[in-house]
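**Student:** For reference, the chains in residue letters:
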Amino acid sequence: MKRFSWLVFFVFLMSAVWSQAGAYDYPLKDPYLATVIGTPTEFQPKLPEKIDYKMLSFKVFPERVVPSVFWYQRDFRYSLTYQKGEAPLIFVIAGTGSTFYSSSMIFFQKIFYQAGYHVICLSSPTSMNFITTASATSLPGNIIADAADLYRVMTMAWEQVKDRIKVSEFYLTGYSLGASEAAFVAKLDEEKRVFNFKKVLMINPAVSLYTSAKILDEMILAALPGGLKDFNDWLNRVLGRFAEFYKEMGYIDLSHDWLYDIYKRNFRTQSPKRENLATMIGFAFRISSNNMIFTSDVMTNAGLIVPKNLVLGSADSLYEYFRATSTTTFVDYFDELLFPYYKAKHPELTQEKAIDIDSLHYIQAYLEKSPKIGLMGNEDDLILTPQDLNFLKYVFGSRAKIYPYGGHCGNMSYTENVEYMLNFFKR
Amino acid sequence: MKRAINLTLLIFLVLMAGCATAPVQKEPIIPAKRSAAQYAIPEKQQAFYVYDPWEPMNRRIYNFNAVFDEYVFLPVVRAYEFVLPNFAQTGVTNFFNNLTEINNLMNSLLQFKIVKVFNTIGRIACNTTVGLGGLIDVATHEGVQRENEDFGQTLGFYGLGQGPYLVLPLLGPSGVRDTTGLVVDTVVYTLMVNRLIDELDMDNTDEDILKYSLTGLSAIDKRHKQSFRYFMTGSPFEYTIVRKLYHVQREFLIEN
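Going down the list, the sequences are from chains D and U. The first sequence maps to residues 169 to 595 in our numbering. The second sequence maps to residues 3 to 258 in our numbering.
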């Protein structure tokens, strides 16, 4: 009898272990919280604190004269981390507005370096450095054109480093908008064959750039019932709260861990208001899209924000332009700068067509029949509509790994996600 | 020393001149489609508004600082980081932290922040003795965190506003009030350090060399601790954003 009870206990234990094995335990189940906080260090894999990397640069268009207001943008810049011996090389493309040294990018750099890769980190085509030095049109947002720009700098970067490192094969990844771009770059590579990517992983991609941008554009208004004019009051309220947290906690660094600490201390029982989180996300997006819009406007002398033909000096105040861009959305940019530019070149182009081309739908057939391309996404990704999510599941089938939560890119650095990423490239 | 000052001044002027070349306007200016004038709201309601009447000068100094950082300051800091092993760098940081506790002590006292006064006295006593003259930060290890008080905050505590925003050459974002505070703190710090050096009973030349090396080393240590890099925010509006963040950060510090 005693032996039997042990058996029961054993079976019970086993079943408990089994049911646990399938559970995904990323700590933040709310998509807005996940997007704001990301992954606290305790839930990330162990990483070296500092690794050696080189910041490299080159001129993409030697004849281009960058306006003096961008006097500090001389060359296209990127980073290289390399192994001593022969190793695979992975390119990583940053998300909207982000640079190659943003915290997410440095995370990827460490992950892949630790796993034995050479790593090249690339800024997003929507970042200031890319727009001023490496974008052929200086009008990012058309994924086909942006992928061509990316492919050009990747080829040039490879030219620059190939005597220094021994590469066995090439891989590609990107997150957010960078993931959507990675898909188009992979397709371009099928024709040009410079890299012949062995595997490509898309992490939390946007399906339609316009749709996702519209969602993020509107998010800033979530806690501002009276519109943007209430933003200042809202910001002061939030800063006031942060000042209180600072007083309680004795430190402030706005890191994942700091935010998670606040959450644990103050919001365990009662979640923070969703609309505040949404406005925070929308604000972050607004800042990066404003950076892009101003830069593109100046580079193309389009006269949207800055008076046409006005030459700005290196010490001129940009404050009023900052204010003007703050009321301008990504969708405004699409409608008033990007679309007119292509419309002038192709008069038959309609707005609907332009929006449709600017999405993964445009390369659906390619994505469906390319076993080397994989997808890592979240069921509750804020930048996807239900249709977008179904599209991804349908197109990628068994190549799609969709997690139940994580919001937009919140769980990218969660241990289990990182394991999945690394295994994907190993297979 | 005088020659060094002259040289710095010369570099400064040359760089300022370089930064200040006026752009040439060739074609007629056409008003922007979305000009800020359309969104006129009172300054106080603008989320990123900071009183900055000397913006053109401040921007030039900001640009100068960026260039100086890239070609002079950071190369020196990198050489320092390359030559000195990590534990020695930490030692230098701790050493200067211990010396500048005098400012924490004075300003906590002036604001009647008694807990901070006792924490700081405890830290100085502990780190100067057990911590071998401040080289080891024993107090933090024992759970007594370093306070962060300066004379700018003391002035803020007594109700003085930040005043016009000011970008200081080499030192970066500040304001009229905080610059005043900085001067007072620096005087107090220097008097104390000079007093300590007098105790060493060295001859005059050696004393001068020691003073200048300490100043230089503390500047390098300050830059080494600071992770900020000019024009790395990836935003063309970096000046405006940094200005706002500086103000918010100072408000936070004064409330504490």
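Because the hints were derived from the structure by calculation, they are not lab data. Hints are not guaranteed to be accurate.
[Unchecked claim] Anything over 10 Å on all C-beta distances counts as not near chain D; from chain U, calculated: (1) Gln27; (2) Gln40; (3) Ile43; (4) Arg62; (5) Gly93; (6) His143; (7) Leu172; (8) Ile222; (9) Pro238; (10) Val244; (11) Val250.
[To be verified] Now the stretches of chain D that chain U is said to cover, found in silico as 3 or more residues with beta-carbon under 8 Å: (12) 290 to 301; (13) 328 to 339; (14) 476 to 483; (15) 576 to 589.
[Stated by the list, open to error] Only pairs whose alpha carbons sit at most 27 Å apart, straight line, appear in this in silico BS3-like list of lysine-lysine: (16) Lys415/D with Lys224/U; (17) Lys476/D with Lys360/D; (18) Lys415/D with Lys28/U; (19) Lys521/D with Lys537/D; (20) Lys382/D with Lys227/D; (21) Lys415/D with Lys246/U; (22) Lys224/U with Lys222/D; (23) Lys197/D with Lys355/D; (24) Lys513/D with Lys35/U; (25) Lys46/U with Lys28/U; (26) Lys476/D with Lys28/U; (27) Lys197/D with Lys367/D; (28) Lys441/D with Lys521/D; (29) Lys28/U with Lys118/U; (30) Lys594/D with Lys214/D; (31) Lys35/U with Lys222/D; (32) Lys330/D with Lys222/D; (33) Lys35/U with Lys218/D; (34) Lys397/D with Lys227/U; (35) Lys334/D with Lys366/D; (36) Lys511/D with Lys35/U; (37) Lys382/D with Lys334/D; (38) Lys35/U with Lys382/D; (39) Lys214/D with Lys476/D; (40) Lys213/U with Lys441/D.
Quick reminder that beta carbons are idealized off the backbone N, C-alpha and C, glycines included.
**Student:** Work down the list of hints and note, for each, if the structure agrees.
**Tutor:** For each hint, the structure was consulted:
1. Gln27: Violated, since 5 Å does not exceed 10 Å.
2. Gln40: Given a closest Cβ separation of 8 Å, the condition is violated.
3. Ile43: Per Cβ check, Ile43/U is inside 10 Å of chain D; nearest 7 Å; violated.
4. Arg62: At roughly 5 Å from the nearest Cβ of chain D, Arg62/U sits no farther out than 10 Å, so the non-interface label is violated.
5. Gly93: holds (19 Å)
6. His143: holds (16 Å)
7. Leu172: holds (18 Å)
8. Ile222: Given that every Cβ of chain D is farther than 10 Å from that of Ile222/U, nearest at about 19 Å, it holds.
9. Pro238: violated (5 Å)
10. Val244: Holds, since 12 Å exceeds 10 Å.
11. Val250: violated (6 Å)
12. 290 to 301: Contact hint for the region 290 to 301 of chain D vs chain U: holds, 4 residues under 8 Å.
13. 328 to 339: Answer violated; 0 residues pass the 8 Å Cβ test.
14. 476 to 483: This one holds; 8 residues, not fewer than the three required, reach chain U with a Cβ under 8 Å.
15. 576 to 589: Check failed, 0 qualifying residues.
16. Lys415/D with Lys224/U: holds (25 Å)
17. Lys476/D with Lys360/D: Distance ~38 Å between Lys476/D and Lys360/D Cα, so the pair is violated.
18. Lys415/D with Lys28/U: violated (54 Å)
19. Lys521/D with Lys537/D: Given pair Lys521/D, Lys537/D holds - Cα atoms ~24 Å apart, limit 27 Å.
20. Lys382/D with Lys227/D: Violated: Lys382/D and Lys227/D sit about 34 Å apart, past 27 Å.
21. Lys415/D with Lys246/U: holds (20 Å)
22. Lys224/U with Lys222/D: holds (24 Å)
23. Lys197/D with Lys355/D: violated (35 Å)
24. Lys513/D with Lys35/U: Between Lys513/D and Lys35/U the Cα gap is close to 22 Å, so the pair holds against 27 Å.
25. Lys46/U with Lys28/U: violated (36 Å)
26. Lys476/D with Lys28/U: Distance ~12 Å between Lys476/D and Lys28/U Cα, so the pair holds.
27. Lys197/D with Lys367/D: The hint is violated at about 30 Å.
28. Lys441/D with Lys521/D: violated (38 Å)
29. Lys28/U with Lys118/U: Violated. Lys28/U to Lys118/U sits at ~60 Å, over the 27 Å cutoff.
30. Lys594/D with Lys214/D: Holds, because 19 Å separates the two Cα atoms, which is no more than 27 Å.
31. Lys35/U with Lys222/D: violated (42 Å)
32. Lys330/D with Lys222/D: holds (14 Å)
33. Lys35/U with Lys218/D: violated (47 Å)
34. Lys397/D with Lys227/U: Given that 27 Å is the threshold and the Cα spacing comes to 38 Å, the pair is violated.
35. Lys334/D with Lys366/D: holds (16 Å)
36. Lys511/D with Lys35/U: Status holds; Cα separation ~19 Å.
37. Lys382/D with Lys334/D: violated (43 Å)
38. Lys35/U with Lys382/D: Distance ~21 Å between Lys35/U and Lys382/D Cα, so the pair holds.
39. Lys214/D with Lys476/D: violated (51 Å)
40. Lys213/U with Lys441/D: Distance ~55 Å between Lys213/U and Lys441/D Cα, so the pair is violated.
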